[in-house]
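S.K.: Hey, can you piece these two chains together into the complex? The hints should help.
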Amino acid sequence: MNIQPVLIWEAFKSAVSYIPITLLITSAVVVIGLFFGVMVAAVRTYRIPVLSPLADGFVIAFKAIPINLILVVSSLLFVTHFNGIASLLHLTVTIRDVSRIYVGIFALSFPAIAQMSEYIRGSLLSVDRGQYEAGYSVGLTFWQTFRRIVLPQMMLVFVPSLTGIVIALMKATSLVILIGVVDVMNGALKYANLYFSYFEAYLAAALVYWGLSLCIEFLGKALEKRIGRYRGALHD
Amino acid sequence: MIEIKNIHKAFGKNKILNGVDVHVDDGEVVVILGASGSGKTTLLRSISFLENADQGTLTIGEKTVELNKAKKLDIAALRKKMAFVFQNHNLFNNKTALENVAEGLIVGRKMPKTEAVEIAKNALAKVGLADRHDYYPFQLSGGQQQRVGIARAVALNPEVILFDEPTSALDPELIGETLSLIKKIAEEGITMMIVTHEISFARDVASKVIFMDGGVIVEEGKPDEVLVRPKEERTRQFLKRILKPVEFNI
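Chains U and E supply the protein sequences, listed in that same order.
Counting in the numbering used here, the first sequence runs without a single skipped number right up to 236 at its last residue.
Counting in the numbering used here, the second sequence runs without a single skipped number right up to 486 at its last residue.
You can take every hint at face value.
Keeping only pairs whose Cα atoms sit at most 16 Å apart, straight-line, the calculated EDC-like set for lysine to aspartate or glutamate is:
| id | chain 1 | residue 1 | chain 2 | residue 2 |
| --- | --- | --- | --- | --- |
| 1 | E | K444 | E | E264 |
| 2 | E | K331 | U | D128 |
| 3 | E | K316 | U | E133 |
Don't read these hints as lab results, they were simulated from the structure.
Looking at chain E on its own, in the form it has when it is part of the complex (with noise of 0.2 Å):
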């Protein structure tokens, strides 16, 4: 279980997190949609201390923290129960495929190498990527290099992966491969939290769509809820907005 209680954050004067509370229970896939500058990307960034948030507290099981008076030991612990998927994959440039994947297992949790590198071989197996673990980052389609991305963090086996728009920076055709295996993942039980403007995604993955604006949770509830039948009028121009050009049907 995590639990998100009131978190703050603001780049010089720009506030760009109010007062923000999520609650996500084990095996749930939440969804944060909302527009450019919403503050959707800082609360994953906050939640994984990639921000120094200036407020609010964390809990992930059994571990309670404050953001803004973490200890080192603290960051420490609760990433280990956490693993981040960035919207440009942020591989490791000098370190294949496999390396990539086990980096975090050998270094970071001090498996022995064997069993760490088996496990990375099964999560690139998982990802379709059974053939390139000797593929530096720059041999990889940027759709590959994404699937290595989600691969490095499943591998760590953590409470609760976080996408930050894991399909953004993909050209169109690759953006329903990695999708799709976010899904297949999601259906596994793992405990997501995905930052996305893939509304159909949403709606097919999410055991709870959240809707922020202007650094507050605006609306929140079960896909069908949120995404058919907005209660907010915030919502619903957004949605009316980013589902305008229906000519296709993706």
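Looking at chain U on its own, in the form it has when it is part of the complex (with noise of 0.2 Å):
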């Protein structure tokens, strides 16, 4: 095979300009999902009455389907039904007014919030019983005991499953394609359809990739050490 270097450099700068798409899109579905994941993780982990059967509901099926389904038909609905909404809600914004990306980061909210649930349940069970116990033994209710004793605590065990879900969410972004939205994979392939340089493209796509998971990586590093001091080294 022929690889032309120029044409991998174009296709980096390329994607490299849609950077601030990929990573908007991630951020934000990262934020909504550690938002809402806590909350439905929490739900489920205490058994709370009537919500907690919903959100088992919740995680169930949207673990199930995949991400691309959601996206298209999150797509579909956003296009029959957004002008009814909105006139619904009396908005005066359109169709139109809406950029696709919020589109894109609607629907990957979901499936972001029913994974990091499931890690974030999983964490949360690992704090201790006794650590609530005392929070109520020196007159904490069970909110001010759950978000200044168990969340941080919590975190604690999230995070390091925290950089794999983010990075996972991130190549996920990949997919906006579906619903006409350009981030750095389709950015890169703009090149490719001109030229029929794929390989280059991809190329160029899995470099700035790398790049990201490394940026990714680096930060939950010094977020676990950063929360983690409490804890101590676990080497020596």
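M.R.: Next comes the structure, spelled out in structure tokens:
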């Protein structure tokens, strides 16, 4: 095969210019996934009546279906129903005002919440019941104990998985081309379509993803170190 | 004054408490003895609402509640009159020694931070850990952790401190220092209920000893009566078994 470095470089530059889109979608989905993931996990862990089976159903449903399916269905619903819902809520926006990026964020959030909540639930269960009891015994409410004692300790267990989840989500954002959003992957492929230089384009995309992954790994390690200061080193 | 009446508690079909009454006067130190499974820890945990008792009433000071019907507000109000020292100390792992002691004051009691920190520092000084404010639990020895646990309870200035086997998880060398600390605090006149297996300690600090077996109180009275001249056969058996290896004296 005849690899042309120039085309790798062109594809690489194009891919890099779409990094903000990939990062925007990834970080938005991570924040949404974390926030609702904690809620879903808490509802299931503490068996909160009524909500708990609903959360069970949510997680089971969204773990089961492929992400591209969710993307396409969200997009279809968006196209057919957005204007109706907007006018129902007396909003002046129409479908033309809303970027497809938000549809992508919306769609990717569901599997993210489902997946994160599973890891968070495991991490929550790792916090000893004695920590709750200690909280109650000094006059903290359940919510105070959860927020100030359990959540920080849960994060210590969760962060190593979080790094993996964030990288997986970042890769999943490449599917947004299905709904017409161009990201790193499809930015790289732009040139391939012109010059039939697919190998170069995929290689360029891989380089960008490697770079992004390394950054996420690095941030994850730093976060682990930061919140792990109360545990100390596990090695000698 | 603490008045506990007719507590019942079962785990499934396994009845742990079968109608226990305890009366504790202000400043009294009540030591609860008994074999494993006799219900003494469950009694303490039921009083502090860490277990939901099936039946029974609890009075602390002016406030009386039925244990199985207590509302959240009642539980919160009663918990503020109590502090608990756990067998395995249960310090907040993500907080320093000072934060562990101050947490209940700042968040639980809504005390201004500077005041709470002041009290926490005094409490840590009292347990001999004035130089360990910024240590996380993992940086402290088992004995030091338990002393932080005691400081955390004392700082709350509760009407009663409940000790659940405070030395059972410590190695023998550390038991002595922890017990003498508890004794020192007891001498300040704080009301205490202590579950323990340390008979000589019980004899030393208790104003009343309660011996439990099978979820009921078998015998109670002054330590010199219950521990030296037990009336009940079951108490005698227990003491004989626990005091048997007297090759040395602690």
